[in-house]
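Peer 1: Now for the letters of each chain:
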Amino acid sequence: MANGQLLQIRFISPVGCVGGGISGAALDEALAQAPDFIACDAGTTDAGPFSLGMGVPAFPREAVKRDLSLMLRAGRKANIPVIIGSAGTAGGDVHVDWVLEIAREIVAEHNLSLRTAIIYAEQDKAYLKRLLHQNRILPLDPAPPISDSIIDSSSRIVGMMGVEPLQQAIAEGADFVLAGRCSDSALFAAIPLIQGFPPGLAWHAGKVSECGTLVCETLGQGVIFTTISQDEITIRPYGDGLRCTPHSVAAHSLYENSDPYLHRECSGTFDLTKSTFDAIDDVTVRIRGSEFISEPYTVKLEGAVLAGYQSIIVGGIRDPYIIRQLDNWLAAVRSYVDESVSHVLGDELDKSSYSLTFHTYGIDAVMGSLEPDPKHLPHEVGIVLEASAPTQEMAHKLAQLSRQPLLHYPIKEWAGSITAFACLHNPAVIDRGPVYRFSLNHVAVPSTPVEMFRTHFIDLCGSEKPWS
Amino acid sequence: MVLADIANLIRSKNAGPFTLTFDIMFADLASYRRVKGSGALSPAAFAKLYLCLVEKVRFFECENALAFKFSIPRPLTQGELGDGDMHGGQQFVPLMNLEIP
Chain A
1 MANGQLLQIR FISPVGCVGG GISGAALDEA LAQAPDFIAC DAGTTDAGPF
51 SLGMGVPAFP REAVKRDLSL MLRAGRKANI PVIIGSAGTA GGDVHVDWVL
101 EIAREIVAEH NLSLRTAIIY AEQDKAYLKR LLHQNRILPL DPAPPISDSI
151 IDSSSRIVGM MGVEPLQQAI AEGADFVLAG RCSDSALFAA IPLIQGFPPG
201 LAWHAGKVSE CGTLVCETLG QGVIFTTISQ DEITIRPYGD GLRCTPHSVA
251 AHSLYENSDP YLHRECSGTF DLTKSTFDAI DDVTVRIRGS EFISEPYTVK
301 LEGAVLAGYQ SIIVGGIRDP YIIRQLDNWL AAVRSYVDES VSHVLGDELD
351 KSSYSLTFHT YGIDAVMGSL EPDPKHLPHE VGIVLEASAP TQEMAHKLAQ
401 LSRQPLLHYP IKEWAGSITA FACLHNPAVI DRGPVYRFSL NHVAVPSTPV
451 EMFRTHFIDL CGSEKPWS
Chain B
1 MVLADIANLI RSKNAGPFTL TFDIMFADLA SYRRVKGSGA LSPAAFAKLY
51 LCLVEKVRFF ECENALAFKF SIPRPLTQGE LGDGDMHGGQ QFVPLMNLEI
101 P
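Chains A and B are the protein sequences, given in the same order.
Heads up, the first sequence is in our numbering, so the first residue is 1 and it goes up one at a time.
Heads up, the second sequence is in our numbering, so the first residue is 1 and it goes up one at a time.
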């Protein structure tokens, strides 16, 4: 592939997320169309901050292994590179190593040999604090406050890499690029940009391809096959009953983005304002007119900090006398619990260090402060009580102390002792473990596009050797 | 008529942990233009439904996708204590009953 010589570049996006379930038949069909590379995203913050904070993946190991195995074997069969980004859901070092271990098993089981580039994206805290003091960490909107102590207390901070570290790995001849946290679109734009294809098209092709068949009219089992030339993108699925339509492809740029037209990447913004979408045939769409505007280089940061530990109680209330005064009744239960905590745990658990949250299903649990109709009373209310405290032991005791008042706190409508709360379980208290919160919505301004990322080259094969 | 009678999809979702985004989509250009022409969808109307400052509401009209989009800062960051909708997927409902004259 000599620079600027290619008329077209073609790639496969086999699935929206490694572990989502690749269709082997569709992958084979697409592989017959002479693709230049395979790329796939493996991460998301969609499920919440736990994966990043705790250092664990959100997909079962078997599901990741199955998809990765299909991709790595397809890559070797066609002799094309495979690029995986945001490994292990959050793309921290521990997540990358988890996927690397799976890749080692696959290589041994299938007797493969892979020149592998591993790109770590976790950030050194001393480095980040240096950037902060040089005003080279900038807030996005809305951003939580940032300080040395926020950086220090975060259990893990990753930088979202752009195309440059991937391109370096490809230039070194990697068959398999295993990257930590990475822009989804960059996984697909990296090689087309090396080959000199227009940046607006390269980035937009990545954007429409990265979610797999979500870009189709209806979701289904299949893979996405995308072609970029000097003046257009074509995108089509392989898989039974799947089709891309001008409407489905145009609409895809809305999904999970705050702005449907402008998409910020490390090196600039791609602008879809002038993009056009036409049907080439029943399943294929042509895109033209997408643009890219270069901007000062920034790397988005993601961090998670331990918020505490949690125990919960699940149950419900059916008594209409309680439901009609639920807010006041729960406030009274809360006061009672506060009092017990101060009597029983007073020395160990200060009031400012714990919280009790009642999620009242049937009233406003789903929408909270946005609920337009909180006065509408149902015949039954589901309650999840979250007890949060600095240790699991304290959270557990806090929930235990909440159970009796929830069960028996009196109301004036009934004489004598009542049982007000229908507990779902025994034991009623379920320990949830550590709970994390997102600590950053910021970008870093590095000196170079690659300085925040560490690349290791190894030969993965039956018996591992250094890169030669 | 209300918006849910005309749109073929009204949805909400996180756009990252700090932003909620809402898509209102239509099956055909006539439906899209009817809603657009009614003037019922605006940052001011949205701010009233979602109890937020109108300056914080971003509004997009996307004719080639037959869609409107609103984005606002999340009232609670995703996963914060008290957040009851981790993916932001159930926050669209107040839009359903928006009257389209």
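It is possible that some hints are incorrect.
Facing chain A, from chain B, some residues (calculated, C-beta under 7 Å) [said to hold, decoys possible]: (1) ASN8; (2) ALA15; (3) PRO17; (4) PHE18; (5) GLY39; (6) ALA45; (7) ALA47; (8) LYS48; (9) TYR50; (10) PRO75; (11) PRO94; (12) MET96.
Straight-line distance between alpha carbons at most 30 Å, and here's what the computed DSS-like set of lysine-lysine pairs gives [stated by the list, open to error]: (13) B:LYS13 with A:LYS65; (14) A:LYS274 with B:LYS56; (15) A:LYS375 with B:LYS56; (16) B:LYS48 with B:LYS13; (17) A:LYS375 with B:LYS48; (18) B:LYS13 with A:LYS375; (19) B:LYS36 with B:LYS13; (20) A:LYS65 with A:LYS77; (21) B:LYS36 with B:LYS48; (22) B:LYS56 with A:LYS65; (23) B:LYS13 with A:LYS274; (24) B:LYS56 with B:LYS36; (25) B:LYS13 with B:LYS56; (26) A:LYS375 with A:LYS412.
In short, the hints are calculated from the structure, not lab data.
For each residue, glycine too, the CB sits at the ideal point set by N, CA and C.
Peer 1: Taking the hints in turn, state whether each one holds.
Peer 2: Tested hints:
1. Checking B:ASN8 against chain A: minimum C-beta separation of about 11 Å lies over 7 Å; hint violated.
2. At about 4 Å, the closest approach between the beta carbon of B:ALA15 and any beta carbon in chain A falls short of 7 Å, and the interface hint on this residue holds.
3. With a cut of 7 Å, the hint placing B:PRO17 at the interface with chain A holds, because the nearest CB-to-CB distance is about 5 Å.
4. For B:PHE18, the interface hint holds, since its Cβ comes within 7 Å of a Cβ in chain A; the closest pair sits about 5 Å apart.
5. Interface restraint check for B:GLY39: the shortest CB-CB distance to chain A comes to about 21 Å, outside 7 Å, so the restraint is violated.
6. Hint on B:ALA45 is violated. Least Cβ distance to chain A is approximately 13 Å, over the 7 Å limit.
7. Interface hint status for B:ALA47: violated, as the beta-carbon distance to the closest one in chain A is roughly 12 Å, over 7 Å.
8. Taken as an interface hint, B:LYS48 does not check out: its beta carbon lies about 10 Å from the nearest beta carbon of chain A, beyond 7 Å.
9. Checking B:TYR50 against chain A: minimum C-beta separation of about 6 Å stays under 7 Å; hint holds.
10. Nearest Cβ of chain A to the Cβ of B:PRO75: about 6 Å, under the 7 Å cut. The hint holds.
11. Given the 7 Å rule on beta carbons, the hint for B:PRO94 holds: about 5 Å separates it from the nearest Cβ of chain A.
12. Hint status for B:MET96 relative to chain A: violated, with the closest Cβ pair at about 11 Å, above 7 Å.
13. Taking the CA atoms of B:LYS13 and A:LYS65, the gap is about 29 Å. The hint holds against a cut of 30 Å.
14. Annotation: proposed proximity of A:LYS274 to B:LYS56 holds, straight-line Cα distance about 25 Å (limit 30 Å).
15. Annotation: proposed proximity of A:LYS375 to B:LYS56 holds, straight-line Cα distance about 27 Å (limit 30 Å).
16. Using a Cα cut-off of 30 Å, the hinted pair B:LYS48 and B:LYS13 holds, with the two alpha carbons roughly 19 Å apart.
17. Our distance criterion of 30 Å between C-alpha atoms is met by A:LYS375 and B:LYS48, whose separation comes to about 18 Å.
18. At most 30 Å may separate the alpha-carbon atoms for a hinted pair to count; B:LYS13 and A:LYS375 meet this at roughly 25 Å.
19. A hinted pair counts as satisfied when its Cα atoms are at most 30 Å apart, and B:LYS36 with B:LYS13 qualifies at roughly 22 Å.
20. Taking the CA atoms of A:LYS65 and A:LYS77, the gap is near 18 Å; set against the 30 Å cutoff, the hint holds.
21. Simply put, B:LYS36 and B:LYS48 have alpha-carbon atoms about 18 Å apart, close enough for the 30 Å limit, and the pair holds.
22. Distance restraint check for B:LYS56 and A:LYS65: the Cα-Cα separation of roughly 43 Å exceeds the 30 Å cut-off, and the hinted pair is therefore not satisfied.
23. In summary, the hint linking B:LYS13 to A:LYS274 is supported, as the alpha carbons are separated by about 25 Å, within the 30 Å threshold.
24. With a C-alpha separation of about 21 Å, the suggested pair B:LYS56 and B:LYS36 falls inside the 30 Å cut-off, and the hint holds.
25. Of the supplied pair hints, the one linking B:LYS13 and B:LYS56 holds, its CA atoms being roughly 17 Å apart against a limit of 30 Å.
26. A hinted pair counts as satisfied when its Cα atoms are at most 30 Å apart, and A:LYS375 with A:LYS412 qualifies at roughly 21 Å.
Checked against the numbered hints given earlier, this structure breaks hints 1, 5, 6, 7, 8, 12, 22; the rest are met.
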